[in-house]
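A.B. asks: If you read the sequences in order, they're chains Y and Z. Residues 1 to 783, numbered by this note's numbering, are exactly what the first sequence covers, in order. Residues 784 to 952, numbered by this note's numbering, are exactly what the second sequence covers, in order.
It should be emphasised that the hints constitute simulated quantities derived from the structure, not laboratory data. One thing to keep in mind: the hints can contain errors.
[As the list claims (entries may be wrong)] In silico contact screen, one side only, chain Z against chain Y (beta carbon under 10 Å); selected entries: (1) TYR809; (2) GLN814; (3) THR820; (4) GLN850; (5) ASP852; (6) LEU868; (7) GLU906; (8) THR936; (9) MET937; (10) ALA939; (11) ALA941.
[Said to hold, decoys possible] Capping the alpha-carbon separation at 30 Å, the derived lysine-lysine pairs in DSS-like fashion look like this: (12) LYS444/Y to LYS166/Y; (13) LYS12/Y to LYS928/Z; (14) LYS425/Y to LYS943/Z; (15) LYS207/Y to LYS270/Y; (16) LYS342/Y to LYS444/Y; (17) LYS943/Z to LYS12/Y; (18) LYS12/Y to LYS903/Z; (19) LYS166/Y to LYS304/Y.
All C-beta atoms, glycine included, are put in the ideal place defined by N, C-alpha and C.
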Amino acid sequence: MAISTLIGASIKRREDPELITGTGGFVDDLPQTGLVHMYVVRSTEPHARILGIDTARARQADGVLAVFTGKELASEFQSPLPVTVSFVPEKKYPPHYPIATDRVRYVGEPVAIVLAQSRAAAEDAAERLDIRYESLPPVVDMEKAIAPGAPVLHDELGSNLAYDVKRAGGDIEAAFRDADVRISQRIRQQRLIPVAVEPRGVVADYKPFANALTVWSSTQIPHFVKVWLAVILGIPESQVRVVAPDVGGGFGSKIRVYPEEVLAALASRKLGRRVKWIEDRSENMKATHHGRAQIWDVEVAARKDGTVLGVRATQYLDLGAYCSQFGTFQAIALLLIQGPYKLQAWDGRGIGVYTNKTPTDAYRGAGRPEATYIIERVMDLVAQATGVDPAAVRRKNFIRQEEQPFTSLMGLTYDSGDYSTTLDKALEMVSYQQLRKEQAEKRKQGKHVGIGLSTYLEICGLGPSVATTAAAGIGFWGMAVLNLHFTGKATLVIGSSPHGQGHETPFAQIVAETLGLPLEDIDVVHGDTAIGPMGMDTYGSRSASVDGTAVYLSAVKVREKARKIAAHLLEAAEEDVVYENGKAYVKGSPTKAVTIQEITGAAFQPHRLPAGMEGGLDETTFFNPPNFVWPFGAHIAVVEIDDETGRVQIQRYVAVDDCGTRLNPLIVDGQIHGGIAQGIGQALFEDGVYGEDGQLKTGTLVDYLIPTASDLPMFETESLVTPSPTNPLGVKGIGEAGTIASTAAVMNAVADALSPFGVKDIDMPASPQKLWHLMHKNGGSKR
Amino acid sequence: MRHRVAMTINGTQYEHEVEPRTLLVYYIREQAGLTGTHIGCDTSSCGACTVEMDGHSVKSCTVFAVQADGAQITTIEGLAVGSQLHPLQQAFWDEHGLQCGYCTPGMIMAAKQLLERNPKPTEQEIRLGIEGNLCRCTGYQNIVKAIETAARTMAAQAGKEVKAPAAVS
Ligand code: FES
Ligand code: FES
């Protein structure tokens, strides 16, 4: 009765009333007095030596309090910015400081800061800086960057090669020897710019006598920012507080400790004033990290019945100018190419390259969209080469449910999964056989209709502490503190730091259901490092399965203690006491119950407690999951390409996702919608382009197109539930699944539509110009 | 050189000196202190700053404060009456039409204008009507649904108040 009425209910979000009335508090909205505004002066050169910066005229400008160059600040940094292992312990990387001193390596790199009474005054003054550069040749193209004789970004590394590593399993030679069909294909993952609609922003307030720093930042990771501000600026961690207020989207772009967080804090320390920095969009496009930026060379060995035997691939990853905090995270793709399929062998090589561009780091999915894209393109390339239907190729290669938990070629253990059922469901939703017939008909009428499948498998829920240490350099876990007040109300402090996901509502649902408390009696607090212990924050679709479980376990612990107290109050043996719906009673006498509110009252009065029991009713959990979780699903896109304009119209988009238990389906579906839209953005619109001169050519939202409402259809979503055995709630993750699946679904559909022209693969984005040319100019063949 | 401007925002009269280059959105946020209107770009692309000015929805980052001298402005803070949410606000909440909520004030203001011009829009008309407002979180699906829901609520309310369908103030 109580069980599963709240967990799994589509309850409206408690975060919303403020956000819909304009009374929310994003960093730029927080009431702050006595502010000094910081403007970050950025390199206009992709690669240059800084010969000198003359600040005299800027310092004299109206309203200016101070100007600092990188050289003037360098001695203040006790550590460079953090870099994590992120699956490539072999990598070489240079120290990366928040501000350049004598050399710049990408357009947008900070070179000086101006502090003034207003943002406008700071910006005006910045124009009076005289910065002299000696240009160096920019390195833009990844392959040229690692060719002999290329100019080198970081002299101490000797070349632009960050790493060249192998990740392999199974006998690849045998796979290719046994193959009837061998396919080679170069597949690009263009550079993407995350574009959270709220750019970043920081307010820093340093109190000199207390040596204490408070920072409000639009970040996904307040706890990590706290640790690193302490380390970099040499302030005791206990004296640093970081608050993530309302955060307007992240998608991975707010997952690292950023130069501006350090610079604002440092400026506050130097001036003894509260300092505010708000990123404008033009800055955001080059100062906030980018994602993807990869080239893949793929070879496939298959049988003519569609069995895929092995895949060999090289991932070239453009790290940009420095190795960002999770800069090599996208190399996780090398561990995941196998997806939901039973390959005999995988032979991967990863090459990381430095170029004079904005650093790359996690962007929604980070490595999993790429792995999915590759293996899902492979499935379609095999279908095309063998003439076997793409759905049949997938079925032939699927790992079966009976084979779960399955150990992959890379030694990862899939927790649970039923891949063919999600595919069957999706095929049924689109009436696949019928659809193929209609496609054939429309082709006869000269219409270009394509059907694209994507049967993804992804990994999330960071994570098992041991495994994440290997992956990220530190152990990960979930954290929740549940604290019941004297009157029976509850405060839940969570270690995750939502920035649009809406954790407050489902996490309150977990507590309400477990303890039988009214939902509205549970307050959920997050994003403030001064409240509660270290949390691991939010990224990688980890919060529901890891922090959500910590919430559940804290609630269970509170319930167990409440039962003990109730037994004492009822003068009964503990094992005879039943706790349900917020009440405890002796088995068989439910009318003589004590409520959780009465129990809580007793918990604060030692004389009413069992002998030896400590007072209070609050519990903390650090949950270290035994494994990752592995959501999966099947997405199908149906597209038509306009013959005259080359424009892709998505006619239907069907998504069947299995993320285990759905805590709040309303929120789950919202995550799926947004995720799909972002993946479609990569497929059809988005492209972060640099000129050969190293300048970002897509530096505004006029040049860099993200999907608008009129670009997208209504998505048809369905869900299946295969509970994860990794946590007691059976929860997986859903924050990135849509993005992981949809790029491949749409591009497979586009390639399918153009297969009569002999097209095998199309570089993303599938822009109208590109497609029009494929249909009309090249006599039908691409290369 | 500074100019004196006066305008009515959500029924309250404001009067300040501004630089000629001050954009309306900064005036609203910094001088009037109404921070519900957001800034998401510098190319008039995102619509986060959308407000109503003299009955038209405008991107307030594209208007100088001096141009709004004497204007009647409504921002997101001016929609709810006490604790009674505007039907659009209610529908965005009910339909999960927001995630991070950063685009939401501008989105709701754009939707308000859309429904005033076209009280019964089709899905496609809604999509075109909010094309100038970017949302990175929702994929727009529940925003479209919220606007449809609000349109129904507003039609029902208008039906109660007056007979003529066009009588939306
Ligand atoms: S801030 Fe006005 S359109 Fe983006
Ligand atoms: S809800 Fe986040 S941008 Fe729209």
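A.B. asks: Against this structure, judge whether each hint is valid.
C.D. replies: Hints and how they fare:
The closest approach between the C-beta of TYR809/Z and any C-beta of chain Y is roughly 9 Å, which is under the 10 Å cut-off, so the hint is satisfied. Against a cut-off of 10 Å between C-beta atoms, the interface hint on GLN814/Z is violated, since the closest Cβ of chain Y lies about 12 Å away. Taking 10 Å as the C-beta cut-off, the interface hint given for THR820/Z holds, the closest approach to chain Y being about 7 Å. Because the closest C-beta pair between GLN850/Z and chain Y is about 18 Å apart, greater than 10 Å, the hint is violated.
Checking ASP852/Z against chain Y: minimum C-beta separation of about 20 Å lies over 10 Å; hint violated. Hint status for LEU868/Z: holds, given a least beta-carbon distance of 7 Å to chain Y, under 10 Å. The criterion of a C-beta within 10 Å of any C-beta in chain Y is met by GLU906/Z, whose closest approach is roughly 7 Å, and the hint holds. At about 14 Å, the closest approach between the beta carbon of THR936/Z and any beta carbon in chain Y exceeds 10 Å, and the interface hint on this residue is violated.
Nearest Cβ of chain Y to the Cβ of MET937/Z: about 16 Å, over the 10 Å cut. The hint is violated. With a cut of 10 Å, the hint placing ALA939/Z at the interface with chain Y is violated, because the nearest CB-to-CB distance is about 20 Å. Hint status for ALA941/Z relative to chain Y: violated, with the closest Cβ pair at about 21 Å, above 10 Å. Proposed proximity of LYS444/Y and LYS166/Y is contradicted: the alpha carbons are some 47 Å apart, above 30 Å.
Among the hinted pairs, LYS12/Y with LYS928/Z is consistent with the structure: their alpha-carbon atoms are about 15 Å apart, no more than 30 Å. For the suggested pair LYS425/Y and LYS943/Z, the alpha carbons sit about 44 Å apart, so the restraint of at most 30 Å is broken. Restraint check for LYS207/Y and LYS270/Y: satisfied, since their Cα atoms lie roughly 11 Å apart, inside the 30 Å limit. With a C-alpha separation of about 37 Å, the suggested pair LYS342/Y and LYS444/Y falls outside the 30 Å cut-off, and the hint is violated.
Straight-line distance between C-alpha atoms of LYS943/Z and LYS12/Y comes to about 28 Å, which keeps the hinted pair within the 30 Å bound. Restraint check: the Cα-Cα separation between LYS12/Y and LYS903/Z comes to about 25 Å, which is no more than 30 Å; the hinted pair holds. As the CA atoms of LYS166/Y and LYS304/Y are separated by approximately 28 Å, the hinted pair is consistent with the 30 Å bound.
Checked against the numbered hints above, the structure violates hints 2, 4, 5, 8, 9, 10, 11, 12, 14, 16; every other hint is satisfied.
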